[in-house]
Amino acid sequence: DGGITQSPKYLFRKEGQNVTLSCEQNLNHDAMYWYRQDPGQGLRLIYYSQIVNDFQKGDIAEGYSVSREKKESFPLTVTSAQKNPTAFYLCASSGLDRALGYTFGSGTRLTVV
Amino acid sequence: DAKTTQPTSMDCAEGRAANLPCNHSTISGNEYVYWYRQIHSQGPQYIIHGLKNNETNEMASLIITEDRKSSTLILPHATLRDTAVYYCIVHGSSNTGKLIFGQGTTLQVKP
Chain A
1 DGGITQSPKY LFRKEGQNVT LSCEQNLNHD AMYWYRQDPG QGLRLIYYSQ IVNDFQKGDI
61 AEGYSVSREK KESFPLTVTS AQKNPTAFYL CASSGLDRAL GYTFGSGTRL TVV
Chain B
114 DAKTTQPTSM DCAEGRAANL PCNHSTISGN EYVYWYRQIH SQGPQYIIHG LKNNETNEMA
174 SLIITEDRKS STLILPHATL RDTAVYYCIV HGSSNTGKLI FGQGTTLQVK P
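Protein chains in written order, with this note's numbering: chain A, 1 to 113; chain B, 114 to 224.
This is chain A alone, in the form it adopts within the complex (with noise of 0.2 Å):
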């Protein structure tokens, strides 16, 4: 089956570490999209990617990095320079055709130590 694999699930990360949070998709979607969530609160776009080798900054870029090497792949890096990482972050993807939808993983938790 199609789908988004984010992983891992859960990360623990000492502070002033970068830690790399990783995005697949099988669904062949040209576009993929970082999402930072915090508890009781809506989902922020911290980045995001309409085709291979370009990306744009979202409304919460400061502290990340992004790449996209390949069409199946969009990982994100939290850098040391984010003053505070930790947070649920989604990965979502959606074909050219935007009426149809997006897809989400299911979400990696990074807890800073």
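Hints are computed from structural coordinates only; laboratory data are not their basis.
Note that the structure is a prediction, hence the values are computed from the model and not measured.
Fair warning: there could be bad hints in the mix.
Claimed, not checked - Facing chain B, a subset of chain A residues (Cβ under 8 Å, in silico): (1) G42; (2) L43; (3) Y48; (4) G58; (5) L90; (6) G101; (7) Y102.
As the list claims (entries may be wrong) - Pairwise CB distance ranges, derived in the manner of DEER restraints: (8) A:K70 - B:P134: 40 to 48 Å; (9) B:R194 - A:K70: 34 to 42 Å; (10) A:P8 - B:S122: 30 to 38 Å; (11) B:L193 - A:T111: 27 to 35 Å; (12) A:A81 - B:T121: 28 to 36 Å; (13) A:T20 - B:K223: 36 to 44 Å; (14) B:T192 - A:L96: 28 to 36 Å; (15) B:Q158 - A:T86: 22 to 30 Å.
Beta carbons: idealized from backbone N, C-alpha and C, even for Gly.
Could you slot chain B onto chain A? The hints should help.
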């Protein structure tokens, strides 16, 4: 992207219809209305979307007013597993692709 307004929370008795309203008074002509739901600690799940006609699928029905300024998601026979946060989003099919999430409505289905 147009913004939406939803009630913060709603309760519904199990087996009854759950009607979740959404206001989107600034919606543009090419923007769709999407509904997603998020069960605790999971990724959002697509439910349904529509442009101007009412829509129905195996999960729910979507009623859009004639002026398109508001809509209602209907879960015809709510179950305990329908307890979730429901997000109403308006989004055009030709723009950058950003989904803007509000706070959503927390639906609590009670036995």
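Exercise for the section: Give me the numbers of the hints this structure contradicts, sorted from smallest to largest. Expected result: Hints that this structure does not satisfy do not exist here, as all of them hold.
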